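Chains A and B supply the protein sequences, listed in that same order.
Following this note's numbering, the numbering of the first sequence begins with 396 at its first residue and continues without gaps.
Following this note's numbering, the numbering of the second sequence begins with 945 at its first residue and continues without gaps.
Calculated from the structure, these hints are not laboratory results.
Treat the hints loosely; a few may be bogus.
As the list claims (entries may be wrong) - With the Cβ distance kept under 8 Å, some of the chain B side facing chain A (calculated, not the full set):
1. 1004
2. 1023
3. 1075
Claimed, not checked - Covered stretches of chain A (chain B as the covering partner; in silico rule of three or more C-beta atoms under 8 Å from a C-beta of chain B):
4. 736 to 747
5. 988 to 998
6. 1031 to 1037
If you're wondering where the values come from, they're calculated on a predicted model, not measured in any experiment.
The beta-carbon is built from N, C-alpha and C at its ideal position, and this holds for glycine as well.
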Amino acid sequence: MAIVSMRKLSVCASRKNRKAILEALQKIGAMEIITEEQDGDSGLQKMDTQAARAQFEKTAESFDRALKLLSQYAPEEKKGLSALDGRETVTRSELDRVVRDKAQYLREASEILKAEKEIAECRSEILKDRTQIASLSPWLNLDIPLTAKGTKTTAVLTGTVPDPLSREELLEAAGRDLPDPSCMEGEIISSSSEMTCVSVLALRRDAEKVEENLRSVGFARPAVSVKGIPSAASAACVRDIAGQEEKIASLEKKIASFEGSRKEFRIAADYFRTRAEKYRMLGTLSQSEHVFFLEGWVPEDHADDVAKLLEERYGACVETEEIKETDVEPTLLRNNRFSQSVEGVLESYGLPTKGHVDPTVVMSFFYVFFFGMMLSDAGYGILMFLACGIVLAKYKKIEPGLRKMLQLFFWCGISTAFWGFMYGGFFGNAIDVVAQTFFGYTGGPILKPLWFEPLKNPMRLLMFCMLFGLIHLFAGLALKGLEYLKHGDVTGFVSDVLAWYFFIIGLVMILLPSDIFKSISGMEMTFPGWFGTVAKVLTLIGLVTILIMSGRANRNWGLRIALGAYDIYGVTSWLSDVLSYSRLLALGLATGVIANVINLMAGMVGKSPIGVVGFILVFLLGHALNIAINALGAYVHTNRLQFVEFFGKFYEGGGKPFAPFGTTNKYIEIKEDKVL
Amino acid sequence: MTLGMVLALTGAVLSTALAGIGSAWGVGIAGQAAAGVVSEDPDQFAKVLIMQLLPGTQGIYGLLVTFITLSQIGILGGNPITDTHTGLMYLLACLPIAIVGLVSAYHQGRTSVASIGIIAKKPDQFGKAMLFPAMVETYAILALLISILVITNIH
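Next up, chain A with everything else stripped away, as it sits in the complex (with noise of 0.2 Å):
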């Protein structure tokens, strides 16, 4: 339970060290730097480095992107797992080796840039030849050019009309009104639902009135504008979708060719990644003609390290600054090992701030706990942390994040396990389906259950849900308690933590003896003769001191009360809070039945080799599916139970998460000594 104390440090040194200070900063990455607007007055200046910024950035960029083309046309072989793999380890000479090179990389990767843009010409190419094929291809049946105009005495009209038409109603419909209808010609090319194009060959002399004819039944030019003969335009186009074709195939070939360079590539993003920052950092910095300033946060514990660093090596002063009231000062958590598996949760919440207590190591048992309760199959649970143990075990550089959402679920499985054995499920009661289905067996159940079996007895069950559902709230209560006392306030732990725990306590002692407990658990409990009275005691003090106490920042006594009374009224959110934890009964039973369902599905086509197949089947789909989804319910039902009612009692966040400058890299990880 720890939240890490941190140290603010402010340093001052040449300017001419500035970059290399930055550097170091950046390699250790254990200081956080802040950032906050001078004063204008302040006689100090910042180096306006958003230009070069602006140009590391555009470069990581181009990488980013010849890299992701490379992908694309020289894919990488991939084992299983390969995004568990983490950064890839790079050593310095490496790294010194690329950046030393990287104008030959730079090169490269602006070609492979070039060769995709030129890809992307053709492709448009190809796409506006396949249009012009579309478009012609109505024409295809005409042996003279779309455009053709006629000869001295001849006209051609070519185009379309929207309405089906045969030769010879075209033929009547040109030659209406003519002198000599005979003297012409008309041939339909081809004809669709929407149009019939059609082409008429008439006298010069008689062109116009021909043409007009044609417009009154809905004739119109073609769409189309090609030159010469329209299959033979056509014939084009496919010749040179196939020449534009060739040139991509080259194209891509000329990309996949750099796939050499790879790792280079990466370092080099990352390289040019981690400038830009370090130049984007500069442009932060206070300095005047000689000096320039930094302020940050350091983790105390690195504190002496990283001071000594600076003075020694750059010749910079370094002080302590004291810490005023108004700074933020960032969060940093460190908890044991099985702890820490939770810290992602909370800080999906919030993370605490300073000055409150630390919840993980509270929250991590319960998490564990309630999670393994609602999933609670043995078989789910040991495939769980196996899955997981592998998984963490193999990979050893997965990101931090992914590494302890890993170890939650590894311990989740193993106490997942722990409740499978106590309600007696494996793959819910998979034992004793195929001892029954393939081996004859008409005993009773092999595997007994440690505890009992929830839906044999589902209210008692319930009954210790709510128990535990009572704890965690108390749990929650005591680390209120353990603020208040943290900050030496007695006051306010005697009014809003002992006398809830007195008044609350007291309540419960109050119902359990009565018959509507009795009726409802279906448990009988003797208690002697002053169990009643000490109840009603606690009830009362703890009544008395949340009445006057709970208002107590008012000086008017009326209000005070009026506050302590709605006070007491919210009571009703501790009986609504301990019945949320019915959850835990209701999704433990929903693993259990529905893997009995499974089983019950897969154990029905009965006893032979294809009953055998079908089985494996029903049991591996229906169990996976299963597993899938009920373990999703424990996860967000977990999630709920500590955020809303556990943090519902004491629990803030708020506190903004330590993020110290270092390197931004993507691809690579830098092998040298770190501090953090």
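Based on the hints, put chain B in the right spot on chain A.
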């Protein structure tokens, strides 16, 4: 088959059918929103998929109640019930998850859509976004609990 059995079966069928309709509805609308996000930002696939699946649990709760009912009334072996009153009791016991499953899954789906919107804009707020649909599910869980408690205590 007796009237009691028919009544009990009606309840069993309703719980899967109605809760299933609700889940299909909820998962459906959430899926449309999820597909929209993935078309813009494929990296969010896993997160929005989880969001889409959240309203799917009601269908499973319905199935659960159906199965428990079937095994209690003797459809899956055992002694079939004959009493009309008992059958009616099973029918009533199935109603909480059937009705609440239908309505809550739909509303959970709509909440999921809104939460998918959060992920589209702020992918790092997954933990908080997940909480809103989970709040709706509480009532389906309560209904499931009551259905199970009643059914297992009828005999």
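Evaluated hints:
1. 1004: At 6 Å from the nearest chain A Cβ, residue 1004(B) passes the 8 Å test, so the hint holds.
2. 1023: violated, 18 Å
3. 1075: holds, 6 Å
4. 736 to 747: Since 4 is at least three, the answer is holds.
5. 988 to 998: holds (count 5)
6. 1031 to 1037: holds (count 4)
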